[in-house]
Each structure stands twice: as C-alpha cells, then as structure tokens.
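2 protein chains.
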Amino acid sequence: MPFRFEVLKQEQNTQARWGRIHTDHGDITTPVFMPVGTQASVKSLTPEDLLDLKAEIIICNIYHLYLRPGHEVIGRLGGLHRFMHWELPILTDSGGFQVYSLSNLRKVMDEGVEFQSHLDGSRHFLTPERAIEIQEVLNSDITMCLDECIPYPASYDYTLSAVVRTTSWAKRCKESKTRDTQALFGIVQGGMYADLRERSAHEIMDIGFDGYALGGLSVGETKVLMYEMIDATTPFLPEGKPRYIMGVGTPGDLVRCVGHGIDMFDCVLPTRNARNGMLFTSTGKVIIKNAQHAEESIPVDEHCDCYTCRNFSRAYLRHLYMAGEMLSARLNTIHNLHFYLTLMEDIRQAIREDRFAAFSADFLASEAVHDEYTT
Amino acid sequence: MPFRFEVLKQEQNTQARWGRIHTDHGDITTPVFMPVGTQASVKSLTPEDLLDLKAEIIICNIYHLYLRPGHEVIGRLGGLHRFMHWELPILTDSGGFQVYSLSNLRKVMDEGVEFQSHLDGSRHFLTPERAIEIQEVLNSDITMCLDECIPYPASYDYTLSAVVRTTSWAKRCKESKTRDTQALFGIVQGGMYADLRERSAHEIMDIGFDGYALGGLSVGETKVLMYEMIDATTPFLPEGKPRYIMGVGTPGDLVRCVGHGIDMFDCVLPTRNARNGMLFTSTGKVIIKNAQHAEESIPVDEHCDCYTCRNFSRAYLRHLYMAGEMLSARLNTIHNLHFYLTLMEDIRQAIREDRFAAFSADFLASEAVHDEYTT
Numbered sequence: 058m059p060f061r062f063e064v065l066k067q068e069q070n071t072q073a074r075w076g077r078i079h080t081d082h083g084d085i086t087t088p089v090f091m092p093v094g095t096q097a098s099v100k101s102l103t104p105e106d107l108l109d110l111k112a113e114i115i116i117c118n119i120y121h122l123y124l125r126p127g128h129e130v131i132g133r134l135g136g137l138h139r140f141m142h143w144e145l146p147i148l149t150d151s152g153g154f155q156v157y158s159l160s161n162l163r164k165v166m167d168e169g170v171e172f173q174s175h176l177d178g179s180r181h182f183l184t185p186e187r188a189i190e191i192q193e194v195l196n197s198d199i200t201m202c203l204d205e206c207i208p209y210p211a212s213y214d215y216t217l218s219a220v221v222r223t224t225s226w227a228k229r230c231k232e233s234k235t236r237d238t239q240a241l242f243g244i245v246q247g248g249m250y251a252d253l254r255e256r257s258a259h260e261i262m263d264i265g266f267d268g269y270a271l272g273g274l275s276v277g278e279t280k281v282l283m284y285e286m287i288d289a290t291t292p293f294l295p296e297g298k299p300r301y302i303m304g305v306g307t308p309g310d311l312v313r314c315v316g317h318g319i320d321m322f323d324c325v326l327p328t329r330n331a332r333n334g335m336l337f338t339s340t341g342k343v344i345i346k347n348a349q350h351a352e353e354s355i356p357v358d359e360h361c362d363c364y365t366c367r368n369f370s371r372a373y374l375r376h377l378y379m380a381g382e383m384l385s386a387r388l389n390t391i392h393n394l395h396f397y398l399t400l401m402e403d404i405r406q407a408i409r410e411d412r413f414a415a416f417s418a419d420f421l422a423s424e425a426v427h428d429e430y431t432t
Numbered sequence: 058m059p060f061r062f063e064v065l066k067q068e069q070n071t072q073a074r075w076g077r078i079h080t081d082h083g084d085i086t087t088p089v090f091m092p093v094g095t096q097a098s099v100k101s102l103t104p105e106d107l108l109d110l111k112a113e114i115i116i117c118n119i120y121h122l123y124l125r126p127g128h129e130v131i132g133r134l135g136g137l138h139r140f141m142h143w144e145l146p147i148l149t150d151s152g153g154f155q156v157y158s159l160s161n162l163r164k165v166m167d168e169g170v171e172f173q174s175h176l177d178g179s180r181h182f183l184t185p186e187r188a189i190e191i192q193e194v195l196n197s198d199i200t201m202c203l204d205e206c207i208p209y210p211a212s213y214d215y216t217l218s219a220v221v222r223t224t225s226w227a228k229r230c231k232e233s234k235t236r237d238t239q240a241l242f243g244i245v246q247g248g249m250y251a252d253l254r255e256r257s258a259h260e261i262m263d264i265g266f267d268g269y270a271l272g273g274l275s276v277g278e279t280k281v282l283m284y285e286m287i288d289a290t291t292p293f294l295p296e297g298k299p300r301y302i303m304g305v306g307t308p309g310d311l312v313r314c315v316g317h318g319i320d321m322f323d324c325v326l327p328t329r330n331a332r333n334g335m336l337f338t339s340t341g342k343v344i345i346k347n348a349q350h351a352e353e354s355i356p357v358d359e360h361c362d363c364y365t366c367r368n369f370s371r372a373y374l375r376h377l378y379m380a381g382e383m384l385s386a387r388l389n390t391i392h393n394l395h396f397y398l399t400l401m402e403d404i405r406q407a408i409r410e411d412r413f414a415a416f417s418a419d420f421l422a423s424e425a426v427h428d429e430y431t432t
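As they're listed, the protein sequences go chains A and B. Counted from 1, the first sequence has number 104 at position 47 by our numbering; the numbering is strictly sequential. Counted from 1, the second sequence has number 391 at position 334 by our numbering; the numbering is strictly sequential.
Careful, some of the hints might be misleading.
Said to hold, decoys possible - Cβ-Cβ distance ranges computed for the label pairs, FRET-style:
1) B:Pro292 to A:Ile355: 48 to 56 Å
2) B:Gln349 to A:Asn347: 29 to 37 Å
3) A:Arg133 to B:Glu296: 35 to 43 Å
4) B:Ser423 to A:Arg133: 30 to 38 Å
5) B:Gly341 to A:Lys66: 55 to 63 Å
6) A:His360 to B:Ser423: 33 to 41 Å
7) B:Ala418 to A:Asp362: 51 to 59 Å
8) B:Arg139 to A:Asn347: 17 to 25 Å
9) B:Gly127 to A:Arg236: 57 to 65 Å
10) B:Glu410 to A:Thr340: 54 to 62 Å
Source of the hints: derived by calculation from the structure; they are not laboratory data. All C-beta atoms, glycine included, are put in the ideal place defined by N, C-alpha and C.
Using the sequences and the hints given, assemble the complete structure.
See below:
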C-alpha cells in the first residue's frame with residue numbers, strides 16, 4: 058500500500074492532532090519522534106533496542122551515507138532497511154542541512170551545491186535530481202527534497218533568494234522522482250520572515266507533496282521567534298498531510314509544537330546528550346558525572362520504567378561514565394529515547410482524550426522542563 | 058550452598074575433564090571461559106547480552122574497582138552483583154597482575170606492594186589482607202590470592218624469591234579470610250622454571266584452597282614453554298579442585314589447555330580484538346576494515362548463529378567500524394564471545410562423549426586456528 062496519512066482525531070481546543078501514516082514498512086502513529094540514525098545506526102543501539110523502545114520510524118542522512126559507505130553500495134546490498142537490519146519505516150534527509158553546516162566547504166548555485174567531504178576533502182556536487190536518486194537507491198520510505206538552508210540571522214534579500222531556489226529545487230525533485238513506493242516531502246523555508254514563510258508554504262504546497270516540513274528553524278533564533286515562524290507556516294499547509302519540523306527539539310518544544318499542529322519531529326538531543334551524560338527526567342535534567350550521584354542507589358528517574366531505570370542505579374551509571382565504559386552511552390541513550398518516546402505516547406493519548414491543552418499546560422509547568430536543554 | 062566442585066567426567070584419552078562448580082549465584086559448567094568485565098562491565102554489553110550468550114561467570118578486577126568507584130562504594134550499594142546487575146557468579150582478580158603491569162609505578166615488599174594509581178598518581182598500598190578485604194566487600198563468588206607476578210625472562214633467584222613471597226602471601230590471604238560464602242583460589246607461580254613451578258604448586262596446595270590458578274603465563278614466552286610449565290604444575294594439583302589458567306588465550310590455547318587438564322580461562326582477546334575489528338571465525342580471522350569486505354553481503358561467519366551473524370552483513374559491520382559507530386564494538390564483541398563460548402560448549406560435549414582427543418586434533422588442524430592471534 059502506498060504512503061497515506063490519516064488524521065484520526067483533531068483535538069478540540071488546540072491545533073494538535075492524532076494521526077497515522079501508512080508506509081510499505083508499517084504504520085507510524087503521529088505525533089511521532091524519530092530517533093536519529095545518521096550513519097545507518099542510532100548510536101550504540103541495535104534495531105532490537107529501538108523496537109523495545111517502541112520506535113516506529115528512524116531518520117538517516119544521505120549526506121553521510123552517500124560519502125560512506127556510498128549509497129550505491131547500500132543499494133547493491135538490498136537497500137537501507139536490509140543493510141542496517143531495520144524493518145520499520147525510515148525517513149532520509151536530503152543532505153541540505155548537512156551541506157549547509159559545512160559553511161566554508163560548500164558553494165550553492167542554482168544548479169545545485171558543490172561541497173567538500175568532511176572526511177577526505179573530496180569534491181562533490183549535489184543537485185535536486187541527485188538527492189532524489191540517492192534516496193531512491195537507499196529505498197527509504199519518506200524522502201526529502203533538497204532545500205537551501207541559510208544561517209541565522211540572514212537578510213531579507215538573501216532569505217528570499219533561498220526561498221526562490223528552494224521552490225525551484227522542490228519542483229525539480231518532484232519531477233525527477235521515479236518511484237511511487239516512496240513518499241516525498243517538500244520543505245518550507247523563509248528564514249525568520251513571516252511573509253517569506255507564507256510565500257514558501259504556498260509555493261511548496263502548490264507543487265504538491267506527500268507531507269510538508271518546516272526547515273531552517275532551531276538555528277539560533279529565540280523560541281518566541283521560532284513559534285512565530287511556525288504559526289506563519291502551518292495555517293497555509295493542507296490539513297490532510299503530515300507536518301514535520303526538522304531538528305526540533307527539547308521536550309518542551311515537542312509539546313508546544315504539537316499544540317501548533319506539528320506531527321513529526323527529529324532531534325539529536327536525546328541521543329547526543331545521553332552520550333554526554335545528560336539524562337532527561339520527570340524532575341529535570343540529571344548530569345550523571347556530578348559527585349552527588351556517586352553513591353545513589355536510586356535509578357535515574359524513579360518514575361521511569363525503561364530498561365536502564367529498572368536495572369541500574371545512578372551510582373553505576375556514574376561509574377560507567379567516569380570510567381569511559383561504552384555501556385554508559387547505551388544505557389543513557391535507552392533512557393533518554395524512552396523519555397522522548399513515552400512523552401510522545403502521552404501526547405497522543407491526551408489528544409485522543411481531548412485533554413491536550415491541559416496536558417500541555419501541566420507538562421510545561423512541570424519540573425521536566427524547568428531547565429533549558431542545549432540542542 | 059557453599060562453593061563446591063565436581064568432576065563429572067574424566068575424559069579417557071586426555072587429561073580433559075568435564076565438571077561443575079556450585080556457587081551461591083549459580084552453577085558453572087567447566088571447562089569454562091570467563092568474559093572479562095574489568096571495571097564492572099564487559100565492554101559494550103549488558104548483563105542480558107551475556108545471558109543470551111550463555112556466559113555463566115565473568116571476571117572483574119579489584120585493582121580497577123578499588124581505585125574507581127572504590128570497593129566501599131560498591132559494598133554500600135549491595136555488592137558487585139547488584140551494582141552491575143549481574144546475578145550469576147563473579148570471579149575477582151586480586152590485582153597482582155595489574156599492579157605488576159604498572160612496572161615503574163610499583164614497589165614490591167614482603168609486607169605488600171606499593172603502587173601509584175594509573176588514574177591520578179595517588180599512592181596506595183596493597184597487602185594480602187587488603188586484597189581479601191576488598192574482595193569480601195565486593196562479595197564476589199570466587200576470590201583470588203594476592204601473588205607476585207614477575208616479568209619474562211627472569212633469573213632463577215628472582216623467580217624463587219617471588220615463589221617464596223607468593224606462598225607467604227597466600228598463607229596470609231587464607232588466614233585473613235573471614236567469610237565462608239566466598240571461594241578462595243591460590244595462585245601458582247614459578248616463572249619458566251619447572252622445579253619452581255612444582256615447588257610453588259606443592260606450597261600453595263599445602264595451604265589448601267578451593268581452586269588453583271596458574272599465574273605468570275602467557276607473558277611473552279613461547280607456546281612450547283608455556284605448555285611445559287603447565288605440565289610442570291598440573292600433575293601436582295589435586296584432581297578434585299578446579300584449575301584456572303589466568304589470562305589465556307587464543308582458541309587454540311583453550312583447546313590445548315583443556316587437554317592438559319585446565320578447567321577455567323579468562324582472556325581479553327575476544328573482547329579487545331572485537332573492538333579493534335578482528336573477528337574469530339571457523340575459517341580464520343576476519344579483519345573487518347579490509348576493503349574486501351566493503352560489499353560482502355555474507356555474515357562474518359556463515360557457520361555462526363550469533364545475533365550479529367544472523368542479522369548483519371560483513372559490509373555493514375565494516376561500515377560501522379569505518380564510521381566509528383559504537384555499535385561496531387558491540388556487534389563484534391557479541392560475535393567473538395559467541396565464538397569462544399560456543400567453542401567451550403563444543404569442548405565440553407566432546408569430553409562428555411569421550412572424543413576430546415579427536416575433537417582437539419581436528420580443531421587444531423582447522424582453519425579456525427591457522428592464524429596466530431595477538432594477545
């Protein structure tokens with residue numbers, strides 16, 4: 058069955074909605090958080106760990122996989138799912154953001170973007186057509202258009218030119234697509250200018266995609282500005298298609314964004330912070346290396362039933378971290394992803410029961426978000 | 058039930074025997090390989106991974122745990138089993154070998170050994186009594202005497218002095234022991250002098266221990282010399298007690314040593330080599346980073362049914378290794394430990410069926426050992 062999205066429930070008092078995405082590799086219940094598996098591995102976890110955590114979809118990056126091991130290698134080995142032994146849906150990012158991150162190592166032209174590999178300095182040229190081709194070879198379930206990401210702050214004229222180019226590239230992406238077993242999402246840009254966000258939303262929507270992403274956010278702007286840009290975009294997006302905000306965010310961001318009508322999220326925060334010893338809990342963050350945890354027999358979060366919290370003390374997790382043991386990253390990653398994925402389940406249930414507004418207010422006032430987390 | 062060892066079967070044509078060790082934390086079937094969990098973690102694996110691999114006992118190191126997080130911390134948290142969430146037996150090494158490895162940072166005296174921490178240079182003094190106290194606080198199932206390890210080569214006189222001191226320390230270890238829920242193993246030294254090995258074996262046996270270890274082997278001597286020293290020791294050890302060769306060895310060593318009457322093994326080889334990308338297979342070693350594996354869809358070993366081989370190709374394992382992904386170490390470690398633990402199961406079955414001599418000859422002639430592995 059081809060890609061399809063259903064809104065199962067529009068919450069009464071907010072823009073939050075509960076939905077379901079159907080793909081060839083299974084269904085995804087939205088709002089959904091997608092763990093990040095940049096290089097065809099969610100760092101330190103097996104696919105079975107992710108299934109235990111009830112992850113329904115992961116995101117991989119074509120920029121990295123194109124450079125190493127090469128998308129064609131993965132294609133010859135049966136595609137990305139088989140390569141990494143993950144049978145559920147995969148979304149692939151087009152590489153626009155990664156290439157943008159190379160700053161001095163890239164040059165954007167109308168035809169595409171020339172960049173140097175961060176691995177060996179070799180030169181490459183990524184075009185919209187090439188981005189689609191790579192994703193078709195990888196055979197991911199949801200593919201993304203190549204877009205032009207811009208830094209923050211950026212001038213109006215520069216932002217406008219990126220909107221125009223992103224639209225042009227989106228058309229070329231759609232035109233070059235050859236397989237109807239994969240979904241293709243358009244990406245809305247427009248920097249921090251509400252009128253450009255609106256313009257971009259209309260232009261991308263007019264081309265017509267299976268879903269719509271908000272790109273270029275969470276790049277250094279204030280939270281207030283980020284939500285202004287979301288509100289300058291989502292009203293113009295069709296209700297019947299999933300909305301995906303790229304690279305966002307903290308637990309508080311997830312809850313707020315759902316209230317603004319967002320259905321899909323990805324972020325390195327839970328996994329990267331886990332490796333750095335920062336754990337999300339219902340009572341705020343735990344920095345596991347802190348001396349106060351050296352003899353604590355309690356789990357990271359006494360209200361958590363993840364594998365890590367069921368079996369290990371803060372003292373042991375601190376020991377693993379201080380000793381540089383690899384198991385540290387894994388146990389912490391399990392905990393943080395469990396926190397994120399459980400939060401999404403709680404969000405979905407609140408929407409189903411028409412009490413998302415209250416849930417959101419309670420959560421945002423709780424100790425779980427009393428800290429600002431660094432992205 | 059206190060510690061007890063039964064020889065269930067003495068193989069007819071060799072010195073190999075099949076046995077069972079009973080401890081408060083469960084039984085161990087011998088000959089047994091003990092995965093190394095130096096710092097209270099078998100690197101990259103959870104206790105559940107080890108159970109899946111059918112590991113029955115692991116070894117931890119009091120040198121490391123004494124320094125970090127501190128044995129008293131672990132004691133206050135309920136002991137080593139609870140600390141690391143491993144409910145099956147644990148053997149703790151006394152630290153003798155680790156302190157020996159510090160070379161210039163240690164000074165051996167009759168009273169004990171003074172050493173500097175490799176972590177922060179702080180000074181510590183380890184005595185036989187202290188080694189026992191630490192192991193009692195950790196509450197491991199099998200504890201080891203503090204011994205004096207010597208480098209290879211070493212003069213006769215120096216080796217003799219280490220034998221004398223090791224015997225003196227073994228007596229003090231036994232005398233200072235206060236808990237009868239833990240087994241205590243004596244360690245035979247004697248360097249590469251057959252008469253000193255025999256002398257040490259007699260002296261240690263006369264003190265009387267729950268099991269006997271062969272220390273100071275696999276320190277740079279030839280294989281021929283190592284087996285000479287084993288044969289200079291085991292005939293003098295009681296048949297009714299387990300025999301443990303410390304820090305040995307390659308797959309071929311395990312098979313050969315079993316034929317020489319050894320019951321217990323530990324070695325970092327399978328786990329350390331896994332992290333370095335060297336995999337044991339039935340057809341010899343696989344260096345996973347080699348370019349020849351870049352597009353291989355076959356598993357590491359087509360005759361292996363471990364989790365890694367059931368689910369992942371050599372190409373994917375190579376990608377993980379080249380990309381520096383943490384999952385690389387874990388999948389490789391699972392495979393290598395499975396190789397070792399399955400080999401031990403095959404050995405036990407061959408002994409039970411009185412065909413160990415043929416098994417040994419076949420294995421030692423097979424491609425599985427056609428390479429020398431670096432320890």
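Hints and how they fare:
1. B:Pro292 to A:Ile355: 48 to 56 Å: holds (53 Å)
2. B:Gln349 to A:Asn347: 29 to 37 Å: violated (47 Å)
3. A:Arg133 to B:Glu296: 35 to 43 Å: Once the Cβ atoms are compared, 58 Å apart, the range 35 to 43 Å for glutamate 296 (chain B) and arginine 133 (chain A) is violated.
4. B:Ser423 to A:Arg133: 30 to 38 Å: holds (32 Å)
5. B:Gly341 to A:Lys66: 55 to 63 Å: For glycine 341 (chain B) and lysine 66 (chain A) the Cβ distance comes to about 59 Å; the hint holds.
6. A:His360 to B:Ser423: 33 to 41 Å: Violated: the Cβ-Cβ distance is about 54 Å, outside 33 to 41 Å.
7. B:Ala418 to A:Asp362: 51 to 59 Å: holds (53 Å)
8. B:Arg139 to A:Asn347: 17 to 25 Å: For asparagine 347 (chain A) against arginine 139 (chain B), whose Cβ atoms are near 22 Å apart, the range 17 to 25 Å holds.
9. B:Gly127 to A:Arg236: 57 to 65 Å: Given a distance of about 59 Å, which is inside 57 to 65 Å, the answer is holds.
10. B:Glu410 to A:Thr340: 54 to 62 Å: Roughly 59 Å apart at Cβ, these two residues keep to the hinted range, so it holds.
Consistency with the previously given hints fails for numbers 2, 3, 6, ordered from lowest to highest.
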